[in-house]
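K.L.:
Chain residues, written in single-letter form:
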Amino acid sequence: MSSTAEVAPDRRAAVTGVWLHGVVRDVDRVALATVAGMGGVAVRAVSAAGLVAVVSTAPLDEYGEEPLRRNLEDLAWLERAARTHHAVVEALARQGPVVPARLATVHTDDGRVAASLAARRAELSATLARLTGRGEWGVKGYLVPGASVPSVASGAGGGGVGTAYLRRRRAQLTAREEHQQVASAAADAVHVALCEVAVAGRRHAPQDRRLSGVSAPMALNGAYLVDTAALPRFSDLVGSLGTRHPGLRLELTGPWPAYSFVAERPEPAGAGGESR
Amino acid sequence: MTTALAPSSADDPLAYRPVALVDLLDRVLATGVVISGDITLSIADVDLVRISLRALVASVGALTPPEVG
Numbered sequence: 000m001s002s003t004a005e006v007a008p009d010r011r012a013a014v015t016g017v018w019l020h021g022v023v024r025d026v027d028r029v030a031l032a033t034v035a036g037m038g039g040v041a042v043r044a045v046s047a048a049g050l051v052a053v054v055s056t057a058p059l060d061e062y063g064e065e066p067l068r069r070n071l072e073d074l075a076w077l078e079r080a081a082r083t084h085h086a087v088v089e090a091l092a093r094q095g096p097v098v099p100a101r102l103a104t105v106h107t108d109d110g111r112v113a114a115s116l117a118a119r120r121a122e123l124s125a126t127l128a129r130l131t132g133r134g135e136w137g138v139k140g141y142l143v144p145g146a147s148v149p150s151v152a153s154g155a156g157g158g159g160v161g162t163a164y165l166r167r168r169r170a171q172l173t174a175r176e177e178h179q180q181v182a183s184a185a186a187d188a189v190h191v192a193l194c195e196v197a198v199a200g201r202r203h204a205p206q207d208r209r210l211s212g213v214s215a216p217m218a219l220n221g222a223y224l225v226d227t228a229a230l231p232r233f234s235d236l237v238g239s240l241g242t243r244h245p246g247l248r249l250e251l252t253g254p255w256p257a258y259s260f261v262a263e264r265p266e267p268a269g270a271g272g273e274s275r
Numbered sequence: 000m001t002t003a004l005a006p007s008s009a010d011d012p013l014a015y016r017p018v019a020l021v022d023l024l025d026r027v028l029a030t031g032v033v034i035s036g037d038i039t040l041s042i043a044d045v046d047l048v049r050i051s052l053r054a055l056v057a058s059v060g061a062l063t064p065p066e067v068g
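If you're matching them up, the sequences are chains S and D in order. For the first sequence, numbering that gives the first Met the number 0 gives the first residue as 0, with consecutive numbering after it. For the second sequence, numbering that gives the first Met the number 0 gives the first residue as 0, with consecutive numbering after it.
Calculated directly from the structure, the hints in this document are not laboratory data. Note that beta-carbon positions come from the ideal geometry of N, C-alpha and C, so glycine has one too. Heads up, some of the hints might be wrong.
Claimed, not checked - Sample of chain S residues at the chain D side, in silico, Cβ under 10 angstroms:
no., residue
1, Leu-77
2, Ala-80
3, Ala-128
4, Thr-131
5, Glu-135
6, Pro-144
7, Gly-145
8, Ala-204
9, Gln-206
To be verified - Chain S residues, not near chain D, derived (Cβ > 10 angstroms throughout):
no., residue
10, Ala-44
11, Val-143
12, Thr-162
13, Glu-176
Said to hold, decoys possible - Pairwise CB distance ranges (calculated):
no., chain 1, residue 1, chain 2, residue 2, range
14, D, Pro-17, S, Gln-94, 15 to 23 angstroms
15, D, Pro-17, S, Ala-199, 49 to 57 angstroms
16, S, Ala-121, D, Pro-17, 19 to 27 angstroms
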């Protein structure tokens with residue numbers, strides 16, 4: 000078979016990059032062709048070192064460094080990119096364990112992706128093994144406004160109107176502080192209890208109320224890696240913890256691909272070879 | 000077929016719910032870093048998150064600039 004003239008490799012490398020969605024052990028390449036990646040083009044596989052990176056071809060006029068800086072400021076672009084990336088990772092997660100890449104991980108070409116796989120083979124394989132048969136679940140805890148705040152309507156005490164006002168005001172502030180302390184302690188207790196059933200747990204920063212659109216302050220933004228077999232126990236536990244801590248409203252989300260449990264370690268401990 | 004988000008089982012107490020963007024961004028921006036891309040490597044981790052959240056907050060409106068120095 001003769002192929003038609005190829006684009007000169009150098010030039011090609013200059014105009015497109017490679018957006019990494021995630022790393023898996025193996026993938027059904029036929030099925031992969033039905034999964035839409037960045038820009039609506041089907042994703043493809045880059046294999047190396049016994050691992051498979053699932054990637055999108057990413058034109059650098061949109062996904063290069065400068066365009067990325069600009070595009071990440073554009074909410075519509077950001078949302079589209081996040082949802083597309085997530086849809087690919089999720090499609091992979093349905094087939095087996097996947098190590099998701101963070102949004103906007105772009106390599107210059109397939110060769111660099113393959114080199115990364117080879118350099119980090121041990122770490123990636125270990126992570127894939129750790130994620131097998133497990134899923135990530137999110138548990139958010141919001142302060143229930145006014146819950147269990149002691150009433151401050153006691154009419155006792157001498158002094159004038161001003162004194163009574165100050166006393167009442169102080170009691171209100173104290174009550175609010177206590178309420179937040181109680182909620183914060185409850186969030187800690189909920190997190191500890193969930194970690195006992197989960198394989199691992201971590202807390203994300205509480206979401207900004209302007210972002211979440213929820214007016215109640217968030218006291219817990221937890222992510223938990225849960226064995227599939229333990230899932231009923233985990234979700235039951237969320238229910239009973241909600242009953243035990245009426246000052247918090249708990250919300251369960253998932254299953255998520257294990258985004259929160261693949262974080263890159265600052266210094267890879269020996270395995271994988273030198274990278275500098 | 001490729002985009003349907005199915006609950007893990009029929010008796011899953013969780014009904015189907017579309018993924019909230021803010022929950023998604025918690026995960027795809029703040030975590031999931033496995034391999035540093037050649038290009039995004041030059042965008043500091045912190046910068047990437049801050050840029051995006053600024054865009055998001057701004058679009059939500061009522062943005063009060065944090066501590067203009």
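K.L.:
Does Gln-206 (chain S) pass the interface hint, meaning its C-beta sits closer than 10 angstroms to a C-beta of chain D?
P.N.:
5 angstroms, holds
K.L.:
Taking the closest pair, is the beta carbon of Glu-176 (chain S) still more than 10 angstroms from chain D?
P.N.:
About 24 angstroms separates Glu-176 (chain S) from the closest Cβ of chain D, which puts it past 10 angstroms; holds.
K.L.:
Mind checking the CB of Gly-145 (chain S) against every CB in chain D and telling me if the closest is under 10 angstroms?
P.N.:
Because about 24 angstroms separates Gly-145 (chain S) from the closest Cβ in chain D, which is outside the 10 angstroms limit, the hint is violated.
K.L.:
Hint Ala-204 (chain S) vs chain D: min CB-CB distance below 10 angstroms?
P.N.:
With a closest approach of 8 angstroms, the Ala-204 (chain S) hint holds.
K.L.:
Given Glu-135 (chain S) as an interface hint, is the shortest Cβ-Cβ distance to chain D below 10 angstroms?
P.N.:
8 angstroms, holds
K.L.:
Is the shortest C-beta separation between Ala-128 (chain S) and chain D less than 10 angstroms?
P.N.:
15 angstroms, violated
K.L.:
The output says Thr-162 (chain S) does not contact chain D. Does that hold with a beta carbon cutoff of 10 angstroms?
P.N.:
With a cut-off of 10 angstroms, Thr-162 (chain S) remains clear of chain D, as the shortest Cβ separation is near 36 angstroms.
K.L.:
Go through the hint on Ala-80 (chain S) and say holds or violated, using the shortest Cβ distance to chain D against 10 angstroms.
P.N.:
Since chain D brings a Cβ to about 9 angstroms from Ala-80 (chain S), closer than 10 angstroms, the hint holds.
K.L.:
Does the hinted range 19 to 27 angstroms hold for Ala-121 (chain S) and Pro-17 (chain D) at CB?
P.N.:
37 angstroms, violated
K.L.:
Per the stated criterion, does the least C-beta distance between Ala-44 (chain S) and chain D lie above 10 angstroms, as a non-interface residue requires?
P.N.:
The claim stands: Ala-44 (chain S) keeps its Cβ more than 10 angstroms from every Cβ of chain D (closest is about 15 angstroms).
K.L.:
Under 10 angstroms, Cβ to Cβ, is where Thr-131 (chain S) needs to be relative to chain D, so tell me if that hint holds or is violated.
P.N.:
15 angstroms, violated
K.L.:
Is the hint on Leu-77 (chain S) kept, meaning its closest Cβ partner in chain D is under 10 angstroms away?
P.N.:
This hint holds: Leu-77 (chain S) lies near chain D, its Cβ roughly 6 angstroms from the closest one there, short of 10 angstroms.
Violated hints, in rising order: 3, 4, 6, 7, 15, 16; the structure is consistent with all others.
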